[in-house]
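Undergrad: Sequence:
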Amino acid sequence: MRFDDSLGTVLGADIATPFGAQSAWRQLTDLIGRGRADATPDALARLRAIRAQVPATVRAASARNLVFAEPPAALVRLFGEDEPSIAAPVLSTARLDSDDWLAIIPDLPPASRSLLRHRRDMPAQVVRALASYGAADFALPQPDEQRVAIEIDEPAAVVPLPANDAAPLDPTGPFAIAELVARLDAYQRDHGDLNRPPRPIAESPSAATDRFRFETDAAGTIRWVEGVPREPLIGVRLGAGPIQVDGVVSGAFRRRAAFTDARLVIAGQSIVSGDWQISATPAFDRANGRFVGYRGVARRPRADERAEPIRRGQATAEAFRALVHELRTPTNAISGFAEMIEAQVLGPAPEPYRERAAAIRNSTRELLDAIDDVDTAARLDQQALVLRPGTVAIAPLLSRAAADLEPLMRLRGAVVEVDRGPPGLGILGDEMAVSRIVSRLLGLAVSASAPGERLVVVAGQEGEMAALAIDRPRAFSALPGEALFALDSEDQGEGAALLGAGFALRLARRLAVELGGGLTIGEDRLTLRLPAALDHDVGQLSSK
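For the sequence shown, counting from 1, position 420 maps to 420 in the numbering used here; every step adds exactly one.
It cannot be assumed that every hint is accurate.
[As the list claims (entries may be wrong)] Label-pair ranges, simulated between beta-carbon atoms:
no.: 1; residue 1: Gln-53; residue 2: Arg-286; range: 29 to 35 Å
no.: 2; residue 1: Asp-404; residue 2: Val-456; range: 14 to 20 Å
no.: 3; residue 1: Arg-211; residue 2: Arg-400; range: 33 to 39 Å
no.: 4; residue 1: Gly-274; residue 2: Pro-422; range: 27 to 33 Å
no.: 5; residue 1: Arg-128; residue 2: Arg-211; range: 30 to 36 Å
no.: 6; residue 1: Asp-261; residue 2: Asp-369; range: 53 to 59 Å
no.: 7; residue 1: Pro-84; residue 2: Pro-451; range: 30 to 36 Å
no.: 8; residue 1: Pro-423; residue 2: Gly-274; range: 46 to 52 Å
no.: 9; residue 1: Arg-388; residue 2: Val-415; range: 31 to 37 Å
no.: 10; residue 1: Ala-56; residue 2: Arg-211; range: 52 to 58 Å
Just so you know, the hints here were simulated from the structure itself, not pulled from any lab data.
In this text, all values refer to a predicted model and were calculated from it rather than measured experimentally.
From the three backbone atoms N, C-alpha and C, an ideal C-beta is built for every residue, glycine too.
Hey, can you work out the whole structure from these sequences and the hints?
TA: Printed below as a string of C-alpha cells:
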C-alpha cells in the first residue's frame, strides 16, 4: 500500500469516538512527521480539528516520538502552537532551514518562541528574528511549577555552606523584581538595541572558566550565576530542558538536603555545554524557616572522573527505535481498519466478520503495547526517556489495571484479589511510566497463573516508599528470583506477554529504578517500590 492510500484512508476514518480521534492523531502525525505523507492542507486541518479531542498525554507522546525524526515545517508549526510541555520536544530538536523558521516564528506563542531562544544552533537570521520580540518571550516560573522535574535516588551527604558573599536568595518568590530589572538592564547594556542579534556566547570574557557558582529558587530554577556566561543558565530549571541532573540532585531536592559531586549535563553548543560536577546546600528564610532554594558550585570533572554514563549499545538502541517507528504506523492502520469493520462504518458486515475484526483489533493493541515496550527500552538505553513529574493515586490505578485484565483472568481461570491500601496513598512519578510498570507486572502474573489459582495484590507504604506486593504465580515458584529476569520469550500459555516474561520484568525494573525505586523478587511475591506521595505514615507493608 502506498503512503498516499494510507493518508487517504486515515483522513476518511471515523473520528467521532475518542479512540478514533486519538488513532487518527497518532497515525497522521507519524505519517507526516516521518515523510511518509505530505503535510497537505486537509491533513493539517484534520489535526487541528481533532486536537481538542486528543488528551494532552497522547499529544505529548506523539511529540516525543518525533524527536529523532525530521518533521516538516507545517507539522512543527502545529506542535509549536500547543502547550509548552507538548511543543518542547519538537521545537528543541526540529531541523528546518532559515526560511521555514522565519515563516513559522510569527505564528508561535511567546512560550514556544522562548523555547527556541534557548537553542544555540539556530541560524543567525533566525536568532535576529527571535531577538526582535524583545523581552516579551522571557518566561518566568509559574506557581504551579514549584516541583522538581524528576524524582529519583537517595539523599546525598551534607556539605558545608558556600561563602557568605553569594547573592542573597529572595524568600518571596521565584524572582525578585530587582533581579528581573537587573537582568533587563544587563541585556540592554550588553546588546544595546533589542533588534540587534545577541552577542555570541563564545565572545564572553569569562568563557574559559572551569568553575562557576549558582543559586536557584525553591523550584530549582537558576536565578544567579557567577563565573560563566549567564545566557545559557539563567531562568532554566535544573532537570528540565537543556540542563539535566542525576538522581542525587532530585532526591536531595525532595528532602531539602545538601548534595555533593552530583552530575550536571548542559546541552547545546555554548561554552558551558558538557559535563559538570555540582555541590550545593539548601537555603532557608531566617524569618519563617521556609525553603527558598540552593546555593552551590559547579566544576568540570577531573580526568579520573566521568560525569556522563557509559551508553552501551547506542547504535543498537537507535536501530531499535527506527524499527519500532516503522512498525507502529502499519499497526495503527490495521487497528483502524479493523475498528471500521467492527463498527460497520463502510457498510453492513456479517457477525463473523465483526468478531474477527474485534479479534484483530485486540491483537494489534497487544502488538502496539509490545512496540511501545521496545521503544521505551531503547529510550532508556539512549538516556532519552522523558519523565513528567506528578502524583499517581494507587487505588484508581489498581482498579483500572484489574478492569483491563478481566478478559485475561477469565481466559486463565485465575482470581486476583486487590488490597488498594490506605486511602490517599499515591506515588510520585510519571503517570504513564507508573501505569506501564503496574499493568505489565499484573499482566505477567495473571498470564503465568494456572486455572483456579488465587493471586493477592497488596498496596502499602514502607517509609518514604509506596510498595506494591504481587503474589508469585505457581509457574514461577521453582525458579530463583533473579532467574525470572533471564526468562526468554518461550510461550507461557495463552495471553502471555509477546516479548516474554524476562523482558517485561527487566523493563519494569529499569523503569522503577528510573523513577527512584526498584523491583525485587522474593520467595513468595514480587515487590515494586516507588517514591510515596504521602508525607505521613499511612501503614506499613511487611518486607517478606
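Undergrad: With reference to the structure, classify each hint as holding or not holding.
TA: For each hint, the structure was consulted:
1. Range check, Gln-53 to Arg-286: Cβ separation about 51 Å, and the 29 to 35 Å hint is violated.
2. Judged by the Cβ atoms, the range 14 to 20 Å given for Asp-404 and Val-456 holds: they are separated by roughly 18 Å.
3. Taking 33 to 39 Å as the suggested C-beta distance range, the pair Arg-211 and Arg-400 does not conform, at roughly 49 Å.
4. Between Gly-274 and Pro-422 the C-beta distance comes to about 46 Å, which lies outside the given range of 27 to 33 Å.
5. Checked against the hint of 30 to 36 Å, the pair Arg-128 and Arg-211 passes, with Cβ atoms roughly 33 Å apart.
6. For the pair Asp-261 and Asp-369, the supplied restraint of 53 to 59 Å is violated, since their beta-carbon distance comes to about 40 Å.
7. For Pro-84 paired with Pro-451, a C-beta distance near 51 Å fails the hint of 30 to 36 Å.
8. Checked against the hint of 46 to 52 Å, the pair Pro-423 and Gly-274 passes, with Cβ atoms roughly 47 Å apart.
9. About 35 Å separates the C-beta atoms of Arg-388 and Val-415, a value consistent with the hinted range of 31 to 37 Å.
10. Our hint of 52 to 58 Å for Ala-56 and Arg-211 is violated, since their Cβ atoms are close to 40 Å apart.
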